[in-house]
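2 protein chains.
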Amino acid sequence: MNIGLMGFGVVGRGVYEIVSKREDMRITKVLCLEDISLPDAQAVKDYRQIVEDETIDTVVEAMGGLHPAYEFVRAALEAGKHVVTSNKALVCGFYDELLSLAREKGLRLRSTAAVGGGIGWLSELERSRRVQELTEVGGIMNGTCNYILDSMTRLGLDYGQALKQAQEKGYAEANPSTDVDGIDTWHKLILSMNVAFGVRVDKQTVPVSGIRNITAQDVAAFKAHGRVCKLISTGRRTEGGFTGYVQPTLVEAGSPEAAVPLNYNLITFLGRFSERMSFYGQGAGRYPTAYNVVQDLVDVLSGKGFYAPYGPAVQADNGQTLCYYVRGSWTGETTQDWGCGVITGPVAVGDMHAWLADHPDAFAAGLR
Amino acid sequence: MNIGLMGFGVVGRGVYEIVSKREDMRITKVLCLEDISLPDAQAVKDYRQIVEDETIDTVVEAMGGLHPAYEFVRAALEAGKHVVTSNKALVCGFYDELLSLAREKGLRLRSTAAVGGGIGWLSELERSRRVQELTEVGGIMNGTCNYILDSMTRLGLDYGQALKQAQEKGYAEANPSTDVDGIDTWHKLILSMNVAFGVRVDKQTVPVSGIRNITAQDVAAFKAHGRVCKLISTGRRTEGGFTGYVQPTLVEAGSPEAAVPLNYNLITFLGRFSERMSFYGQGAGRYPTAYNVVQDLVDVLSGKGFYAPYGPAVQADNGQTLCYYVRGSWTGETTQDWGCGVITGPVAVGDMHAWLADHPDAFAAGLR
Numbered sequence: 011m012n013i014g015l016m017g018f019g020v021v022g023r024g025v026y027e028i029v030s031k032r033e034d035m036r037i038t039k040v041l042c043l044e045d046i047s048l049p050d051a052q053a054v055k056d057y058r059q060i061v062e063d064e065t066i067d068t069v070v071e072a073m074g075g076l077h078p079a080y081e082f083v084r085a086a087l088e089a090g091k092h093v094v095t096s097n098k099a100l101v102c103g104f105y106d107e108l109l110s111l112a113r114e115k116g117l118r119l120r121s122t123a124a125v126g127g128g129i130g131w132l133s134e135l136e137r138s139r140r141v142q143e144l145t146e147v148g149g150i151m152n153g154t155c156n157y158i159l160d161s162m163t164r165l166g167l168d169y170g171q172a173l174k175q176a177q178e179k180g181y182a183e184a185n186p187s188t189d190v191d192g193i194d195t196w197h198k199l200i201l202s203m204n205v206a207f208g209v210r211v212d213k214q215t216v217p218v219s220g221i222r223n224i225t226a227q228d229v230a231a232f233k234a235h236g237r238v239c240k241l242i243s244t245g246r247r248t249e250g251g252f253t254g255y256v257q258p259t260l261v262e263a264g265s266p267e268a269a270v271p272l273n274y275n276l277i278t279f280l281g282r283f284s285e286r287m288s289f290y291g292q293g294a295g296r297y298p299t300a301y302n303v304v305q306d307l308v309d310v311l312s313g314k315g316f317y318a319p320y321g322p323a324v325q326a327d328n329g330q331t332l333c334y335y336v337r338g339s340w341t342g343e344t345t346q347d348w349g350c351g352v353i354t355g356p357v358a359v360g361d362m363h364a365w366l367a368d369h370p371d372a373f374a375a376g377l378r
Numbered sequence: 011m012n013i014g015l016m017g018f019g020v021v022g023r024g025v026y027e028i029v030s031k032r033e034d035m036r037i038t039k040v041l042c043l044e045d046i047s048l049p050d051a052q053a054v055k056d057y058r059q060i061v062e063d064e065t066i067d068t069v070v071e072a073m074g075g076l077h078p079a080y081e082f083v084r085a086a087l088e089a090g091k092h093v094v095t096s097n098k099a100l101v102c103g104f105y106d107e108l109l110s111l112a113r114e115k116g117l118r119l120r121s122t123a124a125v126g127g128g129i130g131w132l133s134e135l136e137r138s139r140r141v142q143e144l145t146e147v148g149g150i151m152n153g154t155c156n157y158i159l160d161s162m163t164r165l166g167l168d169y170g171q172a173l174k175q176a177q178e179k180g181y182a183e184a185n186p187s188t189d190v191d192g193i194d195t196w197h198k199l200i201l202s203m204n205v206a207f208g209v210r211v212d213k214q215t216v217p218v219s220g221i222r223n224i225t226a227q228d229v230a231a232f233k234a235h236g237r238v239c240k241l242i243s244t245g246r247r248t249e250g251g252f253t254g255y256v257q258p259t260l261v262e263a264g265s266p267e268a269a270v271p272l273n274y275n276l277i278t279f280l281g282r283f284s285e286r287m288s289f290y291g292q293g294a295g296r297y298p299t300a301y302n303v304v305q306d307l308v309d310v311l312s313g314k315g316f317y318a319p320y321g322p323a324v325q326a327d328n329g330q331t332l333c334y335y336v337r338g339s340w341t342g343e344t345t346q347d348w349g350c351g352v353i354t355g356p357v358a359v360g361d362m363h364a365w366l367a368d369h370p371d372a373f374a375a376g377l378r
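Respectively, the protein sequence lines represent chains A and B. Numbering-wise, the numbering used here puts 162 at position 152 of the first sequence, and it's gapless, one number per residue. Numbering-wise, the numbering used here puts 140 at position 130 of the second sequence, and it's gapless, one number per residue.
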């Protein structure tokens with residue numbers, strides 16, 4: 011296997027290092043805009059030097075971001091090359107287009123590192139589907155948010171302090187919006203639902219709310235009521251179809267989710283036969299992410315294509331009701347007063363997200 | 011694929027049910043000593059009716075116990091049939107013999123359900139080995155012990171009450187020795203070490219102590235010191251070789267292990283690149299166990315043999331030291347007094363297990 015590696019940042023360097031010790035594959039060209047020199051591979055600055063190279067059969071995309079990653083991956087597929095990527099925004103955003111193109115060309119497309127970093131999550135969904143119907147996927151999919159919420163819960167920091175600490179440790183970016191507003195989790199949930207259920211979920215029907223507005227007072231109130239706040243994604247088969255959403259969620263202290271520390275992930279599927287299966291590990295970082303990129307390369311070598319069939323387009327229905335903790339000018343039914351916030355009566359998930367869109371300073375977390 | 015199913019108890023019936031809905035495999039004969047009649051398969055009472063049937067290519071052993079499971083599985087391999095089993099005592103006890111025979115005959119032998127029930131543990135070790143060296147395996151591998159310890163910790167029950175409740179729920183057998191004395195966990199650890207490290211561990215060098223002697227007073231002392239007791243297995247690469255042991259272990263309250271409730275398992279591997287990866291799920295039960303038996307059948311169909319090479323014989327060296335909580339007539343160094351027990355200075359793991367063998371009424375738990 012001759013590989014063209016696009017991107018030589020945190021993940022790309024890890025992939026290069028792991029592959030360089032293997033006999034069954036080699037990286038022959040690396041796309042990198044900086045001047046680098048590598049012992050065994052040619053550094054190139056124009057992606058066409060990779061996609062037009064007939065000796066390269068597989069492209070690894072480790073650049074991140076939507077553009078030009080999309081254009082480069084599309085060009086690689088059009089040139090007849092298998093693609094492995096760790097880019098959740100790309101695979102989620104262009105799911106239809108990239109899958110169709112890979113299918114049409116008879117090419118393999120894999121992205122295990124896109125959800126859960128070092129956790130073999132998408133590959134285990136693929137394995138599980140061989141024997142059972144999956145009924146639910148979701149969990150803690152973003153290490154940055156978990157780090158912030160964990161610091162607030164265990165150390166009593168306020169949101170700003172916790173975010174600053176996460177930035178200093180390299181867990182959060184200077185502009186943390188993709189993480190703290192839940193967008194990263196939302197990409198991962200949609201990709202997981204598509205693979206687990208064999209569908210193409212309409213992204214616009216999956217609402218998301220993040221953790222930006224949480225305060226130390228909220229966290230203290232949760233603690234006093236035996237709860238811990240986590241950013242949790244939920245995708246579920248329902249009687250009539252599917253439901254899917256991302257939101258802060260109050261889990262019970264002592265539950266497996268509550269015990270997830272630092273920047274770890276805990277992702278869960280439920281299946282008809284296996285029942286609940288959860289996966290705990292490093293959801294990001296150079297070596298864990300590169301590890302699953304190389305696992306994908308081994309799978310490409312052994313002939314494995316995408317994880318699941320290209321299924322029907324579906325919409326998420328978020329009519330199901332939950333009780334919420336809300337801090338803000340909530341005027342609906344309430345059942346308890348937790349001081350700085352109230353507990354609502356049952357509210358449809360979709361309605362709560364619509365209310366939040368109209369109340370940008372409010373904070374809401376579902377009870378479970 | 012034509013399957014002969016040996017055993018029609020909890021797991022066997024689950025396998026029958028799942029396979030009956032599939033197109034790619036069918037169970038043609040079932041070995042069952044009771045009189046049963048099945049719509050699609052012939053019930054037989056003599057195992058030779060399966061091993062001598064040339065139309066059967068694969069045998070599923072779901073009887074449990076060492077004998078006659080060993081004789082039947084051996085006969086099946088000798089007759090040229092692939093074998094899938096959920097029997098950890100069998101695969102651990104006759105590892106050398108069964109693996110050699112399967113290798114010699116070019117047959118596939120799989121036992122994913124033997125460790126972790128519904129968790130794809132051995133199969134994930136197999137996948138992981140493709141890309142990295144594994145450095146550690148272990149965790150909570152026995153649901154019965156976890157149920158008892160969890161009831162003692164959360165509900166304040168004493169050992170006898172918790173055991174009785176586990177028996178009433180069907181989680182513990184009338185004679186619970188295999189579970190509470192750690193033998194089941196010991197089998198699973200040795201099998202996991204063999205697969206993860208590609209070796210054949212000398213079982214006699216892996217010490218085991220169980221939870222039979224724990225009291226409500228011990229648990230109260232752990233709680234007062236921010237600790238939770240779990241039965242934990244540990245297998246690790248060391249500089250010079252390997253270490254391996256099973257013992258009650260005091261983990262920190264709030265850690266992922268401490269949060270494992272009821273009869274769930276939490277099994278972990280550490281790898282050079284992936285770092286820590288943990289798997290949480292149902293370690294037993296009809297459908298979870300049958301699920302992984304059928305996964306193995308799918309893998310047999312696709313040509314997968316055993317998980318790891320038949321490696322060199324190795325011994326575990328348990329000279330590494332730990333501090334222990336000990337209740338009993340401990341005369342060595344102590345660093346703290348927890349009331350009903352003391353905390354020892356550093357003691358070699360092997361020495362503590364030797365001391366426990368001489369003090370059958372004592373209870374010891376390693377600190378971590």
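Some hints could be false.
Identical copies go unnamed one by one, so any copy, or any two together, can satisfy a pair.
[What the hints assert, rightly or not] Straight-line C-alpha distance at most 30 Å; calculated BS3-like pairs for lysine-lysine:
1. K174 to K115
2. K233 to K174
3. K31 to K233
4. K213 to K55
5. K314 to K115
6. K233 to K314
7. K31 to K55
8. K233 to K55
9. K314 to K31
10. K233 to K213
11. K179 to K233
Calculated directly from the structure, the hints in this document are not laboratory data.
Structure versus earlier hints - violations, ascending order
1, 3, 4, 6, 8 and 10
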